[in-house]
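Chemist: Each chain, written out:
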Amino acid sequence: MKRHLLSAADLTREDAELVLSTADEMRSLADRPIKKLPALRGRTVVNLFFEDSTRTRISFEAAAKRLSADVINFSAKGSSLSKGESLKDTALTLEAMGADAVVIRHGASGAPHRLAHSGWVRSSVVNAGDGTHEHPTQALLDAFTMWRHLGPRNGGTLDGQRIAIVGDVLHSRVARSNALLLRTLGAEVTLVAPPTLLPVGVDTWGVETSYDLDGVIPKADAVMMLRVQRERMNGGFFPTAREYSRRYGLDGRRMATLQDHTIVMHPGPMVRGMEITADVADSDRSVIVEQVTNGVAVRMAVLYLLLGGSEPAHTEGDDL
Amino acid sequence: MCAQPAAQHDHEDDGSRTVLDARDITRALTRISHEILERNRGASDLVLLGIPSRGVPLAERIAERMASVEGVQVPVGSLDVTMYRDDLRLKPARTLMPTEIPPGGIDGKVVVLVDDVLYSGRTIRAALDAITEVGRPKGVQLAVLVDRGHRELPIRADFVGKNLPTSLAERVRVSLEPHDGVDAVQILETTPTHGKEAAR
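If you're matching them up, the sequences are chains A and B in order.
This note's numbering puts the first residue of the first sequence at 1, with every later residue one more than the last.
This note's numbering puts the first residue of the second sequence at 1, with every later residue one more than the last.
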């Protein structure tokens with residue numbers, strides 16, 4: 001593995017499978033009386049969050065703490081960041097404090113890349129979501145959830161599994177990271193969205209696209225609904241919320257057309273009644289709550305593989 | 001297999017010499033199984049935990065022998081000690097192996113740790129740490145197929161298949177079915193390396 005996790009495209013198939021199998025071991029920790037491992041004792045993980053986040057920050061914090069690392073939370077509100085400090089000066093501060101890993105969430109696409117490659121810090125940088133670009137640990141936890149549910153009936157891999165990612169692909173870092181990672185793992189991804197919510201250049205992602213939700217989901221093995229990110233919208237992307245919901249929302253009627261084994265996913269936070277109805281979100285097919293549990297295990301695996309040894313774990317795909 | 005009456009000190013093509021063949025290993029495991037039963041006066045309260053990777057098939061075989069002797073199925077599990085090792089920071093991050101604690105847990109039980117080679121004792125120290133986080137057994141005992149000496153910590157085995165005096169320049173290679181396709185314990189003459197076998 002590389003020293004930083006900035007993009008889902010940085011992961012080879014061997015890397016990604018190592019994260020999944022490691023996460024599987026981490027997940028069994030939840031059944032033990034003492035939910036703690038000593039692997040990162042004495043290491044410091046800084047959560048640097050320039051954008052609001054609940055589950056990702058808490059998930060990283062729980063993951064680091066279960067591995068016995070010291071965690072420092074740094075959020076934009078109530079810190080020098082709101083006084084106008086630059087990313088560089090913040091990074092130099094973190095470096096001076098001796099951070100071993102920086103988990104960064106930033107509103108600007110590419111901020112984690114800048115932090116990792118500018119020479120400001122020596123620590124590993126983990127991208128926890130940058131703008132509309134990438135969110136690799138979310139993609140890993142989504143892949144892990146699919147692998148747990150779909151793997152056993154498919155020879156333990158996601159090869160050839162059909163994954164539909166539905167909704168606001170344009171503003172979604174989750175969709176991009178998932179498309180990249182799932183392709184690495186051999187799955188067939190179809191992005192379903194209105195034409196206005198598909199990004200320019202989506203044809204280079206190596207995925208199918210469709211405007212017709214009803215035509216795609218009966219063949220899918222997993223359906224991932226995306227939130228409509230109204231805070232990032234400054235124009236008319238669709239006529240009304242109700243029309244969007246009618247054409248691209250997952251309701252009970254559409255859910256009835258799914259195959260028996262198909263799972264329904266959502267990276268959260270979800271807007272019930274918009275992209276997904278309450279009866280679907282609370283149904284047996286929904287693995288949305290499990291995604292959160294798996295998020296901690298996957299982030300533990302990532303932190304362990306990056307920081308657990310003298311250098312990140314070696315996989316067969318590495319140039320040594 | 002049966003056509004090798006005395007495999008001791010046979011030199012193989014790769015410079016290794018076989019010190020235990022399949023039948024020697026079978027006999028050693030049978031004796032260890034009886035010794036464990038004798039020491040603990042039966043198989044009740046016992047839990048066998050193999051240390052991956054080679055300790056797990058050894059623990060399973062010991063449980064099979066016990067089942068045929070006592071008619072009781074002793075719970076078998078595996079205990080990965082990777083994250084408890086004191087040399088974790090000295091090498092690239094290592095792949096984790098499965099930890100499977102039997103459904104009954106280990107609280108109040110006698111845990112018998114099973115490993116292939118006892119060397120520095122550091123793996124066992126890590127295993128003792130790992131056990132305390134899983135539960136509180138009544139006692140912990142250690143069974144190993146080979147004790148090759150050179151202890152760096154005050155740790156000893158309760159049940160030993162074979163004491164094998166070695167030099168630090170030698171490596172001990174344990175091969176077990178079905179993992180390796182053959183049952184054998186071999187000594188390889190080599191200069192000390194930081195390879196996997198040398199670390200045992």
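Rather than coming from a laboratory, the hints here were simulated on the basis of the structure.
All figures in this text were calculated on a predicted structure; none of them were measured in a lab.
You may find that some hints are simply not true.
Said to hold, decoys possible - Ranges between beta-carbon positions, derived for each pair:
id, chain 1, residue 1, chain 2, residue 2, range
1, B, G139, A, R41, 24 to 30 Å
2, A, A256, B, N40, 44 to 50 Å
3, B, R27, A, G98, 38 to 44 Å
4, B, D129, A, V292, 26 to 32 Å
5, B, R151, A, T12, 39 to 45 Å
6, B, S167, A, H117, 46 to 52 Å
7, A, K219, B, H34, 41 to 47 Å
8, A, P33, B, H34, 15 to 21 Å
9, B, V72, A, R13, 40 to 46 Å
10, B, E60, A, R153, 42 to 48 Å
All C-beta atoms in this analysis are idealised placements derived from N, C-alpha and C, irrespective of residue type, glycine included.
Chemist: Could you run down the list of hints and mark each one as holding or not?
Modeler: Now the hints, each set against the structure:
For the pair G139/B and R41/A, the supplied restraint of 24 to 30 Å holds, since their beta-carbon distance comes to about 28 Å. Checked against the hint of 44 to 50 Å, the C-beta distance between A256/A and N40/B comes to roughly 58 Å, which is inconsistent with it. In this structure, R27/B and G98/A break the distance hint of 38 to 44 Å, their C-beta atoms being roughly 55 Å apart. D129/B and V292/A have their C-beta atoms about 30 Å apart, which keeps the hinted 26 to 32 Å range intact.
Separation of R151/B from T12/A is about 40 Å and conforms to the stated range, judged on CB atoms against 39 to 45 Å. For the hinted restraint 46 to 52 Å between S167/B and H117/A, the CB-CB distance of approximately 48 Å keeps it satisfied. Distance hint for K219/A and H34/B: a CB-CB separation of about 59 Å, inconsistent with the stated range 41 to 47 Å. Hint check: P33/A to H34/B, Cβ distance near 33 Å, so the stated range 15 to 21 Å is violated.
Against the hinted window of 40 to 46 Å, the Cβ-Cβ separation of V72/B and R13/A comes to about 45 Å, which satisfies the hint. Checked against the given bound of 42 to 48 Å, the beta carbons of E60/B and R153/A, roughly 27 Å apart, lie outside it.
Of the numbered hints given earlier, the model fails hints 2, 3, 7, 8, 10; all others are met.
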